[in-house]
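**Student:** Starting from the given sequences, assemble the full structure and let the hints guide the process.
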Amino acid sequence: MLVIENLHARIGDEDILKGLSLTVKPGEVHAIMGPNGSGKSTLGHVLSGRPGYEVTAGTITYNGEDVLALETEERARQGIFLAFQYPVEIPGVSNMEFLKASVDILREHRGEEALDAVTFMKRAREACTLANLDHSFLKRGVNEGFSGGEKKRNELLQMMLLEPSLAILDETDSGLDIDALQVVAEGVNNMRNDTRSFVLVTHYQRLLNFIKPDYVHVLADGRIVRSGDASLALHLEEHGYAWLDDEVA
Amino acid sequence: MSQELIDERIGKEYSAGFVSDIESDTLPPGLNEDVIRFISAKKDEPEWLLEWRLEAYRGWLEMATPHWAHVDHEPIDYNEISYYSSPKSFEDRPQSLDEVDPQLLEVYEKLGIPLHEQEMLAGVAVDAVFDSVSIGTTFRAKLAEAGVIFCSISEAVHEYPDLVRKYLGSVVPRRDNYYAALNSAVFTDGSFVFIPKGVRCPMELSTYFRINEAKTGQFERTLIIAEEGSHVSYLEGCTAPMRDENQLHAAVVELVALDDAQIKYSTVQNWYPGDANGLGGIYNFVTKRGVAHNRSRISWTQVETGSAVTWKYPSCILRGDDSVGEFYSVALTNNCQQADTGTKMIHLGKRSRSTIISKGISAGRSSNAYRGLVRMSPRAEGARNYTQCDSLLIGDRSAAHTFPYIESRNPSAVVEHEATTSKVSDDQLYLCQQRGLDAEKAVSMIVNGFCKEVFRELPMEFAVEAGKLLEVSLEGSVG
Amino acid sequence: MPNNLMQQPLAAASAAAPNWLAAAHAEARERWQAASLPTRKTEQWKYTDVSAIDREFVPGRAVSVDAAALDARVPDCGGARLVFVNGHYDPALSSSDPAAGLHVARFADADESQATLIQAHLGSVVGMDRHLFATLNSAALSDGVFLQVDAGATVHAPVQVIWLTTAQTEAFAVNQRLLVLAGDNSAASVVETFVSFEGEAASFTNGVSEFVLQRGATLNHYRLQLETGSALHIGGVHAHLDRDATFNSFHLGMGSDLKRIDIVIEHAGEGAHAEVNGLYLPRGREHIDYHTCMEHAVPRCTSSETFRGVIADAASAVFNGRIHIHPQAQKTSAILHNRNLLTSAEAQINTKPELEIYADDVQCAHGATVAQLDELSVHYLRSRGISRDEAQVLLSFGFVNELVNAVRSEALREFLRHLLAARFSRDGAALTQEADA
Chain A
1 MLVIENLHAR IGDEDILKGL SLTVKPGEVH AIMGPNGSGK STLGHVLSGR PGYEVTAGTI
61 TYNGEDVLAL ETEERARQGI FLAFQYPVEI PGVSNMEFLK ASVDILREHR GEEALDAVTF
121 MKRAREACTL ANLDHSFLKR GVNEGFSGGE KKRNELLQMM LLEPSLAILD ETDSGLDIDA
181 LQVVAEGVNN MRNDTRSFVL VTHYQRLLNF IKPDYVHVLA DGRIVRSGDA SLALHLEEHG
241 YAWLDDEVA
Chain B
1 MSQELIDERI GKEYSAGFVS DIESDTLPPG LNEDVIRFIS AKKDEPEWLL EWRLEAYRGW
61 LEMATPHWAH VDHEPIDYNE ISYYSSPKSF EDRPQSLDEV DPQLLEVYEK LGIPLHEQEM
121 LAGVAVDAVF DSVSIGTTFR AKLAEAGVIF CSISEAVHEY PDLVRKYLGS VVPRRDNYYA
181 ALNSAVFTDG SFVFIPKGVR CPMELSTYFR INEAKTGQFE RTLIIAEEGS HVSYLEGCTA
241 PMRDENQLHA AVVELVALDD AQIKYSTVQN WYPGDANGLG GIYNFVTKRG VAHNRSRISW
301 TQVETGSAVT WKYPSCILRG DDSVGEFYSV ALTNNCQQAD TGTKMIHLGK RSRSTIISKG
361 ISAGRSSNAY RGLVRMSPRA EGARNYTQCD SLLIGDRSAA HTFPYIESRN PSAVVEHEAT
421 TSKVSDDQLY LCQQRGLDAE KAVSMIVNGF CKEVFRELPM EFAVEAGKLL EVSLEGSVG
Chain C
1 MPNNLMQQPL AAASAAAPNW LAAAHAEARE RWQAASLPTR KTEQWKYTDV SAIDREFVPG
61 RAVSVDAAAL DARVPDCGGA RLVFVNGHYD PALSSSDPAA GLHVARFADA DESQATLIQA
121 HLGSVVGMDR HLFATLNSAA LSDGVFLQVD AGATVHAPVQ VIWLTTAQTE AFAVNQRLLV
181 LAGDNSAASV VETFVSFEGE AASFTNGVSE FVLQRGATLN HYRLQLETGS ALHIGGVHAH
241 LDRDATFNSF HLGMGSDLKR IDIVIEHAGE GAHAEVNGLY LPRGREHIDY HTCMEHAVPR
301 CTSSETFRGV IADAASAVFN GRIHIHPQAQ KTSAILHNRN LLTSAEAQIN TKPELEIYAD
361 DVQCAHGATV AQLDELSVHY LRSRGISRDE AQVLLSFGFV NELVNAVRSE ALREFLRHLL
421 AARFSRDGAA LTQEADA
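If you read the protein sequences in the order shown, they are chains A, B and C.
The UniProt record's numbering numbers the first residue of the first sequence as 1 and each following residue consecutively.
The UniProt record's numbering numbers the first residue of the second sequence as 1 and each following residue consecutively.
The UniProt record's numbering numbers the first residue of the third sequence as 1 and each following residue consecutively.
The hints are simulated quantities; they were obtained by calculation from the structure and are not laboratory data.
Any given hint could turn out to be false.
To be verified - Below are the BS3-like pairs computed for lysine-lysine, each with C-alpha atoms no more than 30 Å apart in a straight line:
1. B/K197 / B/K166
2. C/K46 / B/K350
3. C/K331 / B/K441
4. B/K468 / B/K344
5. B/K452 / C/K331
Claimed, not checked - Some chain B residues near chain C, calculated using beta-carbon distances under 7 Å:
6. A399
7. I406
8. P411
9. V414
10. T420
These figures come from a predicted structure and were not determined experimentally.
Note that CB positions come from ideal geometry on N, CA and C, so glycine has one too.
**Tutor:** Dropping the structure here:
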């Protein structure tokens, strides 16, 4: 279970999150929506421990463990996965090497047996198929020369192979055409179960047509200003974010 | 374009090439300790400065002419040069510009630099240096109100001896290099600028250098000190008459930017480049360097179109943390000109940053080299450099070279260097001509576009001037 | 040469060399004797100190070597293999499997017609007056390898030349020379591997390779500098490309106190193309210096060059990449990239990409960067559970891997992957596994 309480975070001198609180129980899907600049992406970065983001107050615990005290890789090993809004290109390191190194370490951490090369390959290819990526993408450098949509689907591929218990999707839907969006949604829906939770960070309601969230939260000026069920997203779709200004003020 | 037409054009291209018939007191050619004593005595200098000069001279005698630059010229006979020349009318030093020989003022007017305050470019204070002496500095009173000192270095030696003694040679040591040592021994005049703590200099400061007398060298010395938190923008211009023999110009410029200070130093160098066959012209062997302390910024912008041979590397010692060094350069060579110019960015301070933008244009049979050094010292944590060197070749007999030295000893420092070479393509010319422009106009437009990034760093009046200058310098470059 | 440097090896070479080499000896010796060692004031040696060479060396002598120990250190690409131990040909370790169209001879036992060919081409590329150490090499010649590829022949299996230095009790010098003559429209590959078995005594290897590519010839060349310990190496690769010839040359430098390689490629016929890639990976207190020069003397040639370095610990590296476009060389396209990673506070890099251009209708560009590993890339890997250390290994490996992937021989690619994986990590196997799956 993820518990975020009164989270304040900044980049440099700029305060971005100003008291965000959120609880995500196992098996739940939460959508976080909000206008540009509301701090949506910062939440994902802070959860993953990205350099440059400073937490000035508040706590984050995951299954009782203090997340903020953990290194980035330790968070990943605890089962937290962030699908990047802008996945990083790493020329020279093949997707395959990268995935194998990552899967090996996570399995080891979970006390699972290491996958032999043949089994791993088989799984990687299956995941490719599900993510609608050609198998040749496994041999290419990580995200190297991938289109925007391919990068997003590569994030999905990683998520499927790493089997996190909590996945945060940071605007994974942005820049995707409808077919790619459905691929991502299907991937997420296939992975939904009683223990795995998702946080979908998104600007548009569109993604939620395909992944039905249990809760929708509206983020504005660094805080959650409204929470509700899936119908809240529809309300936002209809009325935009402007009406929030009154509430924040 | 016909050859005759080209020749005719070139013949008249250097508009600052007139000789003024001004009676001068000129020391006979030759260099020895007595000459240095003479210069020092003439300027009524204190004993320490004479000793300082002599020490530099003795160092120079032990040094060898540097040969590493990509230039080729006849060896210089230092005993053929006269080291001091002063207009006769300066026997009794004029106390103000009003007392200056009107004939001298006319020279500057002819060059487009009126020295009468009422006619002057508003907002630009000028120090005019004629051969070996400063003939006057404008707007002194107004500057004094702000606490800014702007005068000739000879005056500063008398009026602000402590400042001069403290900073002279502090950036460019006397034995720094062959030409700096020579300058330290025989320098005659130049400008002195002091901006006190927290002061934003109320106007542009500028010095205009003019070599007039034959067989003389010009060895000026400029010292600019910007105290904590102060700002100054300084411009430098130069011309010389057309003469068949080569004349030596070996200047030293020292900049000191204390914490949080900013110095912007712009040069439009238009020394006589020699004729189309490489006869005559100025040898411009100059040492320019600044020290930037914490959070300070030193910015060099140069437009180099003149001189027969240029040997010049305006540099920054980024001593302070978060200090910034910049070098924006346009160097244009035509006919037989040779230029070896660039910069050094020595990163000592943490997070110090530097930017180098160099645009070299080679036309005719000229040779144009960029030579640079970026050094990241072990303690330059997080320092950054970005360098871009572009060369443009006009005609197939010109040469363009790039010699960037990069030395890094700090893993967190980032250095990026890029260089490209291009030509003015026939397609570009054709397009422009098809739109009704003649070839020269087209080339000048293309060249101006190529230099845009540098020109926008120049103060407005200079940017216009620089564009015109390029146009003139390019005349005859396309046939 | 002050101190009569190299007198013993030179005397030994004279005694051992075939008579017909004597003429080359005489001129080279005269030049060597008249010269002095470069100092840090010599522009070409500004960042590399050769004072370690200023000492007495004895000639290398033949010793017997364990074949298995050697095999573990060198690639196996099939094809003919020539092994020299301390400068002496070792027939037991060598295997000649002459493919059709390929002739392999040693200077020491060349027949008359081969000797004539060798004389015609030896020194024709490197000359006597350009590189002091190449001149020393010519002065100290007693043996060497001559490869001739017939016009029109395509030889698939690479020829492997292994230059091994191994323990002697006194500091010793080894002189090695390769001459390749690739006939019109021929195609072949050569792998040169320099290795050493560590001993107490320092060794100084002077390895010069000359390549003559005639019209339309294609040659793939690999030069692996893998000597370890106190081995010193100063060498050169000099290629002459005739019309439409293609020279692909790959370089790897790692492993010992001092290595300096000069690579000079002369585009002498229109349409010639050179691709030169290299990696330098010094660590500890090692010093590696690559000086490259692309001479474009005629129109319409191309060259492309990429060198990358990872400099660790207190090691230092030098890269100097020069592109020289002569006045007639219109329509040249020449490009050079150099990237460097410093992975330690004491590591040093000095790089200088140079352009010297005397023709206007050309496309030339170069770029050089120095940095450490990209923080965002490290973070991305860590966010997938990979530790910081491992992320650095993966990224360093990735940084060099791009050039390894461009190597044309699969066997060599495989060898390099293992070698480099081991260089960047103790557990190298995990990295290479599956890379080709």
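**Student:** The structure should be examined with respect to each hint, and the outcome stated for every one.
**Tutor:** Status of the hints after comparison with the structure:
About 17 Å separates the Cα atoms of B/K197 and B/K166, which keeps this hinted pair within 30 Å; it holds. Of the pairs offered as hints, the one joining C/K46 and B/K350 holds, with about 27 Å between alpha carbons and a cut-off of 30 Å not exceeded. Between C/K331 and B/K441 the alpha-carbon distance is near 26 Å, which keeps this suggested pair within the 30 Å criterion. For the hint pairing B/K468 with B/K344, the CA-to-CA distance comes to about 29 Å; that is within 30 Å, so the pair holds.
Taking the CA atoms of B/K452 and C/K331, the gap is near 27 Å; set against the 30 Å cutoff, the hint holds. Annotation: B/A399 was flagged as interfacial toward chain C, and the flag holds, the nearest CB pair being 5 Å apart, inside 7 Å. Interface restraint check for B/I406: the shortest CB-CB distance to chain C comes to about 5 Å, inside 7 Å, so the restraint holds. For B/P411, the shortest C-beta to C-beta distance to chain C is roughly 4 Å, which falls under 7 Å, so the interface hint holds.
Contact between B/V414 and chain C, as hinted, is supported at the beta carbon level, the nearest pair being about 5 Å apart and thus within 7 Å. For the restraint placing B/T420 at the interface with chain C, the shortest Cβ-Cβ distance is roughly 5 Å, inside the 7 Å limit, so the hint holds.
Hint compliance for this structure: no hint is broken.
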